[in-house]
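Novice: Given next are the chains, with one letter for each unit.
2 protein chains.
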Amino acid sequence: MNSIDMSRRGFLKGAAVATASMMASAAANAGIPASSVKSYDETFDVVIIGSGFAGMACALKAGRAGLKVLMLEKMPVVGGNSAICGGNVACPVNPVQKAQGIKDSKELFIADCMKDGLGINYPDLLGTIADRCNDTIKMVVDCGCEFVPNHMLFEGGHSVPRSYEIKAGSGSGYIRPMHAELKKIPNVVIRTRAKFDDFIMGEDGSVQGVTYRRNYRFNAKLVSDDLENKSGKTVTVRATKGVMLAAGGFSRDIWFRQTQDPRVVPTTDSTNQPGATAGVLIKALGIGAAPVQLCWLQFLPYCNPREKGFGVSVNFTNHACMDLGMVVDRKTGKRFMDEHAGRKIKSDALFKVIGTDENYPIAICDDAIVKAINPSFVKLPLELGTVKKFNTLEELADHFKINKAPFLEEVKRFNGFVKAGDDKDFHRILKFNKGLDVSKPPFYGIECCPKIHHTMGGVKINTHAQVISAVTHQPIKGLYAGGEVVGGVHGASRLGTVAVIDALTFGMIAGEQFAAMK
Amino acid sequence: MNSIDMSRRGFLKGAAVATASMMASAAANAGIPASSVKSYDETFDVVIIGSGFAGMACALKAGRAGLKVLMLEKMPVVGGNSAICGGNVACPVNPVQKAQGIKDSKELFIADCMKDGLGINYPDLLGTIADRCNDTIKMVVDCGCEFVPNHMLFEGGHSVPRSYEIKAGSGSGYIRPMHAELKKIPNVVIRTRAKFDDFIMGEDGSVQGVTYRRNYRFNAKLVSDDLENKSGKTVTVRATKGVMLAAGGFSRDIWFRQTQDPRVVPTTDSTNQPGATAGVLIKALGIGAAPVQLCWLQFLPYCNPREKGFGVSVNFTNHACMDLGMVVDRKTGKRFMDEHAGRKIKSDALFKVIGTDENYPIAICDDAIVKAINPSFVKLPLELGTVKKFNTLEELADHFKINKAPFLEEVKRFNGFVKAGDDKDFHRILKFNKGLDVSKPPFYGIECCPKIHHTMGGVKINTHAQVISAVTHQPIKGLYAGGEVVGGVHGASRLGTVAVIDALTFGMIAGEQFAAMK
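Sequence order for the protein chains is A and B.
This note's numbering applies: residue 7 is where the first sequence begins, and numbers increase by one.
This note's numbering applies: residue 7 is where the second sequence begins, and numbers increase by one.
This list has only true hints and no planted wrong ones.
Any copy will do: because identical chains look the same in the list, a pair fits if it lies in one copy or spans two.
Below are the DSSO-like pairs computed for lysine-lysine, each with C-alpha atoms no more than 27 Å apart in a straight line:
hint, residue 1, residue 2
1, 350, 430
2, 358, 121
3, 358, 112
4, 121, 350
5, 190, 173
6, 430, 121
If you are wondering where the hints come from, they were derived from the structure by calculation, not from laboratory data.
Keep in mind that this is a model prediction, so the values were computed, not measured.
Let the sequences and hints guide you as you build the complete structure.
Specialist: Pasting the structure below:
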């Protein structure tokens, strides 16, 4: 019965016999044993995988504490998806709120997040964000980030205005000044086109370092860049204090996202940058990181299938057609959802209609609505042709191949609901329509579809940003994580502006942890 | 840059130097390299982990084909959770339906499942079940399973009657005859108290065998039996054709289930047997098996917190109070959900009320309702004291500490809804109440809570029951799976009677795959 020695420790005491062949970990999925590494090419205190909010915050804290930091970014530029996101940031119980008499609390913030998250969020991680968010904001302001002064955004799903508006209008408003600040710290090294490959693991299950490839050329044309791209030259790097995972989400990982939600097909577009793949996450699962809520993908329900990524038509579809107009199924000519519901409810309804035959619903409004909204919302989409304009509803129906007779009936029915202030079909709140319906020509129409915006799930961390093992139920020594690669903060669906504070805060905390190590 | 040789294949050609120390896989999470196994204690064609529906179906097919089969069961008896489940089984498009003129189709079955599963089910796996279910039923009937003749159950969520009712009244109606049949096959060896420990992995990433412990003594008192229990003696077994995972779900895994859904606390009860833990699943993830939809746990919403497991009060709470009576929050005295909604909707609502302070809602009915239901539903719960009987609503409120004044108002309001046939608060269908409300003393009350009933997620398989790797996107050679350890079949929430056909069918398919190997 003792044909193999089950004591791993026993084995490793005799590690003189261990050779590089130990690397041939049976599953090609459990990291590289440190004992198989003859020598390291580089040694740093901290290795950070990813250069978005979480990675930069970690690098700042660790770098300023004098630690030797290596930040790896596989893409040609730093910032990842953080650089192109909206950039506004939630900060419950902040000085601007206080000055404006807005009453907020940690408990209210957690409750708001858990409502949208369907109750499966990790309350301890949300509590940590609430406790530390003012420190986080101070950190980025000290770097030179600029917010619209004395102003709080009232974002969807939040009970009170609690979000700072970034002046730059996108996440680049953090990435640029933080990057500039990092470049001033001589002990921080940032490498782009540097692709993480694997973890180097100590015999005690700790992360000792990583292998990565320099001069990597990401190739967005591959089905799976992670699997197929062999570019670059391998480097082994020792991380004496630890490794930080700040690799983001997997909204652009064709295979892994469909494994989690089969409704998502290869052609399902995403608002994310093409580098948002699951490679680092899968490697982390391979060394035991506990998977948390991987199957909750968040979609933006007001995207357009004829333009790539975020596109230019989102504001029109959202604010003209979904706030005030209507959305119909071409096949039935009828409405099928509360057009003003939350992201998840609407995306689920849209997916059902779209089915497998790309039956994109049509979002519709009229001339009076277009005159009531920000003119910039319709100008570019009309020029680019995603939004079409028609003299009659019949022409609109013909163009989009909408089942005409029931559609014309449905518009009348909807207009009646607006007049009565009572949506008998979907209980939509119509009081803010102020009489606007779909009756004044010309009429406007646009196809709509959900696009993947954020992946909720990831590895499990504790409030110190330590990654937790499903095998031991304990922290994996030397492994930290923050941002979209982590699961649990947002539960099933996240509120706008919470991803930014999440990534910055847990990045900061990981950096503090490294700085506090002896 | 070449301090380590990145070619795993290159290494392994020089495997003469590889010693048992290769087993010291860095992460303690990637299986045992076959090259480290000096000799195997046993050799079989097929090793099956688990002895429920999927395991037994696989053993039957492989065993009857003449293969040497080893079935491992960690508990003292075979059958796992399958033996104690309800046991009725869906079979779309079957001869009884045909004889009774019930029109069913593969497409309707898939649509029904996907409706409850929130659309994230794997349609190909559901299609396979529909294609093969009559073969599955034949297999179990040939073993001696008995169904109520010429009878189809009309189960919740199904559009037509399509489920056979097992005569025995539970899953033991399959396990007993299948076990008896397996015992007749000399080349099938069944071992109880035999606990799977790890996979033995070939250098090509294939599963070559497993290690397990004989004379294992499962200890339900441990927080994690998988982690803490060191009993038994290790055996290495070679599986020349492959390993079948039939290890069930993780409804009783305190740590892993809370990682997926933090609302579930250690004291959250489950209707499952205590051996339903995540150990095998986590080991499978460690060798690269793709995780699918792990965070969808299904709860039965009409359980009782004062009795363990499934208990005796479920029918009373379900059919008396939720079908006909009402459920209130003690703190507010008010209703908070459509008591007749689906399992998921009700469980979510109950969790919200229960919160962290065990504020169990009270399910209530009156004498007229009790006289209208099956008398057996109330007899035992009254005797055991889970259901309490009161002369007045005031006494009921006092006993359960319900906020009395609003509660008495709420009962009146509810009775008014029944009379009007219109539930203005939760849009519950009241037409089947036929006038029954909560007005005739004595009144009955019982605490209610959801208990974990089934875990939807698991490893990814294809329609041949092959486990798919997240690392390679290809089947893991030599690894098969079926039943609750697999994810994707049920999506977010499964319909009753579909778990049985799922497990039996993919077990059968895995057995056929082994039998077809040369």
